[in-house]
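**Student:** Here is what each chain is made of, one letter per residue.
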Amino acid sequence: MDITTLQSNMTRRSFLGKSTLAVATALGAGSLLDACGSPASSTPGKTTVSIMLFPTSELSQAEINAFEAANPNIVVNLIPYDTTKLSAMYAAGSPPDLVRVTGATDLPGIVARGLAVDLTERFNSSSVFNNGNLLPVGDVYRWDGKAQGQGPRYGAPIDWSLDLMLWYNKTLFDQRNIPYPSATTPMTYDELLTLAKKLTVVEGGKLKTLGLNTFIGTFWYAHVVQMLAQRGTSLFSSDLSKADFTTPDAMAALQWFVDLAQAHVGDTPLDPQADWGNNSFPANRLAIMCAGYWFGGHIIQPDPVLGVGDKVGFAPAPQFGTSHVDGVAGATGLYMATQCKHQDEAWKLLEFVCGGKGSAMHVADGSGLPSVKSNFSDLPSTQPWQAQALQAVNNELPYESVLKFTPYATTGAIINAMEQSITPVMQKKISLQQGAENLTNSVNLLISQGQSVIG
Amino acid sequence: MAHLITPGASPLTQREKHIHTGNVSKHHRKWKRYSSRTFYLFASPWILGFLLLTLFPMIYALLLSLTNWDGLSLRWKWIGLKNYITAIHDPMTWLAIERTFLYTLIAVPGSIALGMILALLLNRQLPGIAIFRTIFYLPAVVPVVASAITWRLILDRDYGSLNAFLGFFHISSITWLDDPWAFFSLLMLTFWGVGSSMIISLAGLQNLPQELQEAARLEGASTLQTFFRISLPLISPVLLFEAITGVIFALQVLYQSYALSVTQNGIGVATSIYVYGIHVLNAFVNNEVAYAAALLWILFLVILVVTLILLRVGSFWVYYEVERD
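If you read the protein sequences in the order shown, they are chains A and B. Numbering follows the working numbering, with no gaps: position 34 of the first sequence is 34. The number in the working numbering is simply the position in the second sequence, starting from 1, with 1000 added.
Some hints could be false.
To be verified - Cut-off 25 Å, straight-line C-alpha distance, at most; resulting in silico cross-link-like pairs (SDA-like, lysine to any residue):
no., chain 1, residue 1, chain 2, residue 2
1, A, LYS242, B, PHE1284
2, A, LYS146, B, LEU1074
3, A, LYS198, B, TYR1159
4, A, LYS46, A, GLU345
No wet-lab data here; the hints were simulated from the structure.
All chains should be modelled from the sequences, with the hints used to inform the complete structure.
**Tutor:** Here it is as structure tokens:
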């Protein structure tokens, strides 16, 4: 080969030009493929509705089959929930039609970012949700730009719970001859910590039995918000644009978590555990698990030992003040993306999953409470523990409250900030005052960043 | 192929005949016409891969780092270098960089030294030596995440086998996966995979000319002298390669620390193994996608500078048998 010939034909400019052309061709081909859509969407005469949820635990194949049987012209495309994939889909301008959201904490942020369709009219005219069938918890999906629970409605919960109630393992209580918690009178946080210390077993520096799991990695933020609500105060300013962890009440709440960690009774940054209670509770290693009603359906009911008989109990959430508050910190549900092209079909699926037959199928194993009154009769109560859990929930419903979270920062980000700021306090490296100040600064920075995006 | 060469006939091929008989220009024209196409055809898999999977994401990330996009919002705007300025003023960035450099300073020389020692031990013709080489190399082929999860189980304070073993000697349980031990656990996991460094050093040692070592021994050089005066200089280019790739991997360390951390939301305890990768991951978790992109570009520039320094410093201690351009 004549190398000079090749060089003369392959100038730098032509190399770059042809390479760019190749990339553009490849990208163009990708776009064309995207435009073709998924195989399901090309099914003649049928419309595909995409929905992003956790498969099985939040939407089972049986529910999908039931929906498609009732709506033969709609095909459901279930996309497993994945935040990275969701970001990529938004970046590409093609998010799922219906998207999972933790309503209590994250819905206002979603609405404020302009991501959700106003569904007020559809809710008002719905035979499933209307006429008082939708429970008050559905109001966490309302946001008027300033306050949650008011204004237009953007979605509904698939299921919900009073998330900070207490499941307890009777076997471990019996081993220590400790009476069970009351199903009607809530403990204080201090009483709960004292009880957890009694139930904890330490051998050779190892935690053999954990007294308490507060679900700190998921609900630390919610705990603090609820603790302050029980004292009649709030973590945030009235417009939710500033947080203050240095108030006496907020510092008292943080101090409780510092005491919890230093007592070494369960999962905290000082005693990190490999599981979140899903394994240790059924294995009789965890005495008290702070979780909502859903824990019964997901963890207890499938267990061959705990799921039969009367080996567990359910008690009200602990209290930190004089106002009896048992709040909703999750209420996971669906919103409709503003880019949704088949809103009528997507609405049918949302209605089915959040309030219709799908919801009834979903809650039948105790995986959460339904968002509509008509499906309450589907909750399980055949086992004694199931009946007791249902009774405990009913006892607490009068104290249900929608907790106030800022729309400008995500729960995950705030829990990260709490972990980074308060762990050194737990380790006695800095004072609580310093930790609370650091936390306030971190969270307010997150809020200001969120505000800069939302505008 | 003798039967193709008939008596009196030239053994040249038809193409060579054309060249010899003056048909060169015609065939050269044909070759000229298709030469660059041929080049692009054969190079296109790499070119496309580089442009689509390396250059495009890098430029995309660079542009992203100049915005305030949070990964979801339909509303975003250009904010210039604000993310970079925020990163520089964020104390967690410096904590992460400090931890990462400390990790790199220990992990890279340690891995090279351990790998070299193992390679020297295994560079012998003994019965069953292949079995030993396999045993030491095996951890290097186990996926990083799988090995990290295995180590997390071993190092668990309450149920881990390491604390159970220490218990036989009445040593109380150690919280291996929290401050300050978690950093050492990360190093332990790194050194467990030293087989990859060992195999490169072993290949380098086996490629050494034996006559030089024999000559040194005949001249009365001890084993240590032979190693330091003959072997080490000769495999110094291999060591430079190990140093550069090791530093790049160490500065990017993420999976090991991520899988070792045991908190429920998957993010490591801030004060334990807070390496740069976790810092970036935190930014993603916090929906600060644009900020995370800025952090990644800072990491890229740091790696670039460190690599250039290593290459420059390497010219003082690396011995090349041939003259370099």
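**Student:** Now tell me if each hint is right for this structure.
**Tutor:** Evaluated hints:
no., hint, result
1, A:LYS242 / B:PHE1284, "holds (22 Å)"
2, A:LYS146 / B:LEU1074, "holds (20 Å)"
3, A:LYS198 / B:TYR1159, "holds (21 Å)"
4, A:LYS46 / A:GLU345, "holds (10 Å)"
Checked against the numbered hints listed earlier, the structure breaks none of them; every hint is satisfied.
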